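Peer 1: Line by line, the protein sequences give chains R and C.
Counting from 1 along the first sequence, just add 18 to a position and that's the residue number in this note's numbering.
Counting from 1 along the second sequence, just add 866 to a position and that's the residue number in this note's numbering.
Certain hints may be false.
Some chain R residues well away from chain C (every beta-carbon gap over 10 Å; in silico) [unchecked claim]: (1) Q29; (2) L31; (3) T33; (4) M45; (5) S49; (6) R62; (7) L63; (8) P79; (9) L87; (10) N88; (11) A110; (12) S125.
30 Å max Cα-Cα, derived DSS-like pairs, lysine-lysine [what the hints assert, rightly or not]: (13) K908(C) - K89(R); (14) K89(R) - K75(R); (15) K89(R) - K27(R); (16) K934(C) - K922(C); (17) K977(C) - K922(C); (18) K922(C) - K75(R); (19) K27(R) - K973(C); (20) K908(C) - K32(R); (21) K922(C) - K908(C); (22) K908(C) - K75(R); (23) K27(R) - K908(C); (24) K973(C) - K934(C); (25) K32(R) - K75(R); (26) K922(C) - K973(C).
Simulated from the structure, these hints should not be mistaken for laboratory data.
Predicted, not measured: the structure shown is a model, and the values here were computed from it.
Glycine residues also receive a C-beta, built at the ideal position from the N, C-alpha and C atoms.
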Amino acid sequence: NAGVTQTPKFQVLKTGQSMTLQCAQDMNHNSMYWYRQDPGMGLRLIYYSASEGTTDKGEVPNGYNVSRLNKREFSLRLESAAPSQTSVYFCASSEHWDIASGYTFGSGTRLTVV
Amino acid sequence: GESVGLHLPTLSVQEGDNSIINCAYSNSASDYFIWYKQESGKGPQFIIDIRSNMDKRQGQRVTVLLNKTVKHLSLQIAATQPGDSAVYFCAEKGNSNYQLIWGAGTKLIIKP
């Protein structure tokens with residue numbers, strides 16, 4: 019029972035490079051989320067997918083795009099990385115889109131943009 | 867605007883003592899609150915939640931108290947153990963069902 023799996027765990031990018039963060043869950047959850055976590059701050063929602071086939075912006079969507087590839091997978095893409103996107107990125111899933119159903123988080127991707 | 871804050875960024879307690887982690891929120895309309903635990907190098911892990919129609923909820927060794935009058939939330943951990951060392955986040959439900967507003971976190975340090 020892997021839960022939520024994120025790849026890669028670490029990444030260093032140069033400014034302007036692009037990359038895709040991968041996330042997969044094996045709990046048959048309907049909803050998936052991407053958060054970023056910066057030092058001294060709580061998590062902030064980037065994008066979410068309430069159900070397969072839908073995606074919506076969260077609090078801080080600028081500079082990111084997402085794809086809900088299927089029910090299991092939800093990827094986050096940085097088209098042109100900027101130093102301000104240096105952060106730890108967490109993917110999460112929940113049984114359905116009401117947060118009261120409880121989130122399961124992945125272990126995170128630590129991204130550094132130089 | 868909405869915000870969730872914590873009174874203390876770091877809390878040190880003796881192993882075996884009780885820990886109390888505090889959290890203030892600003893949106894009096896919030897109806898749902900969650901506490902998460904984040905160990906080093908891991909994602910947040912659900913601890914306990916509480917709805918606004920309650921003022922206390924107990925779990926295994928943890929109790930959450932909600933004081934809506936002063937918009938204050940606390941997490942009490944009984945008989946703190948080394949495995950309780952982590953950063954603890956409170957979060958409140960925002961204006962929509964998908965939105966969680968997170969506090970900055972309190973680091974709990976357990977002294978042997």
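Peer 1: For each hint, tell me whether it holds in the structure or not.
Peer 2: Checked hints:
no.: 1; hint: Q29; in the structure: holds, 15 Å
no.: 2; hint: L31; in the structure: holds, 21 Å
no.: 3; hint: T33; in the structure: holds, 26 Å
no.: 4; hint: M45; in the structure: holds, 14 Å
no.: 5; hint: S49; in the structure: violated, 8 Å
no.: 6; hint: R62; in the structure: violated, 7 Å
no.: 7; hint: L63; in the structure: violated, 7 Å
no.: 8; hint: P79; in the structure: holds, 13 Å
no.: 9; hint: L87; in the structure: holds, 20 Å
no.: 10; hint: N88; in the structure: holds, 20 Å
no.: 11; hint: A110; in the structure: violated, 7 Å
no.: 12; hint: S125; in the structure: violated, 5 Å
no.: 13; hint: K908(C) - K89(R); in the structure: holds, 24 Å
no.: 14; hint: K89(R) - K75(R); in the structure: holds, 18 Å
no.: 15; hint: K89(R) - K27(R); in the structure: holds, 22 Å
no.: 16; hint: K934(C) - K922(C); in the structure: holds, 11 Å
no.: 17; hint: K977(C) - K922(C); in the structure: holds, 28 Å
no.: 18; hint: K922(C) - K75(R); in the structure: violated, 34 Å
no.: 19; hint: K27(R) - K973(C); in the structure: holds, 23 Å
no.: 20; hint: K908(C) - K32(R); in the structure: holds, 25 Å
no.: 21; hint: K922(C) - K908(C); in the structure: holds, 28 Å
no.: 22; hint: K908(C) - K75(R); in the structure: holds, 25 Å
no.: 23; hint: K27(R) - K908(C); in the structure: holds, 11 Å
no.: 24; hint: K973(C) - K934(C); in the structure: holds, 24 Å
no.: 25; hint: K32(R) - K75(R); in the structure: holds, 25 Å
no.: 26; hint: K922(C) - K973(C); in the structure: holds, 23 Å
Of the numbered hints listed earlier, those contradicted by the structure are 5, 6, 7, 11, 12, 18.
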